[in-house]
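Chains as they are written, first to last, in our numbering: chain A, -8 to 153; chain B, 3 to 240.
Since the hints were made in silico from the structure, they are not lab data. Computed from a predicted model, the values in this text were never measured in an experiment. We put the CB at the ideal spot given by N, CA and C, even for glycine.
Just so you have them, the derived chain B footprint on chain A, three or more residues with Cβ under 8 Å:
{"id": "1", "segment": "12 to 25"}
{"id": "2", "segment": "53 to 62"}
{"id": "3", "segment": "67 to 79"}
Computed Cβ-Cβ distance ranges for the label pairs, DEER-style:
{"id": "4", "chain 1": "A", "residue 1": "S88", "chain 2": "B", "residue 2": "Q222", "range": "17 to 23 Å"}
{"id": "5", "chain 1": "B", "residue 1": "E225", "chain 2": "A", "residue 2": "W(-6)", "range": "55 to 61 Å"}
{"id": "6", "chain 1": "B", "residue 1": "T66", "chain 2": "A", "residue 2": "V78", "range": "34 to 40 Å"}
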Amino acid sequence: MNWKLLPWFGLAVRLGLAAVWLYAGASKVGDLAASGRAVHAYQVLPYDVSVVVGAVLPFVELALGVLLLLGLATRLVAGVSGALLVVFIAGIVSAWSRGLAIDCGCFGTGGQLPAGQSPSYFPEVLRDLGFLALAGFLLIWPRTAVSVDGALTGEPVEDEDE
Amino acid sequence: MSSRKGRKDAARVVREHLARERRRKRTLWISIGAVAVLVVAGLIGWSALSSQGSREFTAPPGATGDGTGIVVGNGPVTIDIYEDYLCPACKQFEQTSGATIDKLINDGKVRVVYHPVAYLNRFSSTEYSTRASAASGCAAEGGEFHAFGKALFDKQPPENSAGLSNDELIDIGAEVGLNRDSFGACVRDGKFKPWTAHVSEEATRAKVTGTPTVLVNGQQVREWTPENITAAVEAAGR
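Given only the sequences and the hints, what does the whole structure look like? Please build it.
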């Protein structure tokens, strides 16, 4: 692999994950009550907690998206993204194993599916695993091209040559 | 020569050390900044939630004691029906099972509690689900809840549209015999919007996550065909 290209590949990964978070947040932020219902549909949290999670989550997703777009604290943001995705995947798998028939609510909608419509847990989990891979990449190689991190801290010292 | 090279090396080590230290500090501040951004984002969500919480509502006449639905009929078996006026599956439910439910009501076998929830506000540009549900509260005030609800499903607008306007809702109300002035004022003022929020909130709390949801004496009828509903009512009445 050409190591000179790594920061540019990293940039693509970073912007990809940023797009995921921005879209996920934007699709929920307009109807916080529905977001809370989607969380409650997992039947994991008590109602009042579900409602708070449903209201807080879209804004945190948007913030993660903006931070990734800027490339600010990329490693930390990738870590938080990965942790959130692990929670989401666990939620979907748990709903799956309990035989609930819900939409994951990943990008808006959410809640119980109409009768006759079967849930698509497998693709949802696969998709989230893909996003998790993006976060994992940035966790290992957080230094990407065109980032605020790079502008603020400069090139790594080790690469400097007299 | 060698001592000069040694001094140069030492100076470089110190320089690198200082540079590393500076970078470490900057990275720390960047991390603190990013965490602050995430915390503030969460707090915005929290405050958006608490600013819309704890509304005072007035339930329309004919509502249950806890204000979560409108009662039609007075039979011994209770059917709870959770519907959103924008939900296509609810329209389908009304078309396939509406007549059966009306018959059960007229035969005095069931007491139906309609919960007009607003779950699908994001599927119209004008919060049609909330406006339609609040209008059904106005219809209950005028004594025509059941007829108005049926008319709303007959004239259901498609999802991802603007929905029906308030004027169109008022026209439908007038057609089913509601007083155009008092009903119109009630719809325009959104008098029962806080009630709609209460109905939706309590339905979510009761783990109703989709529409339509049909319960016969508290037991969900998943495949809501006329046969299944009749069978569930007979089983519950035994």
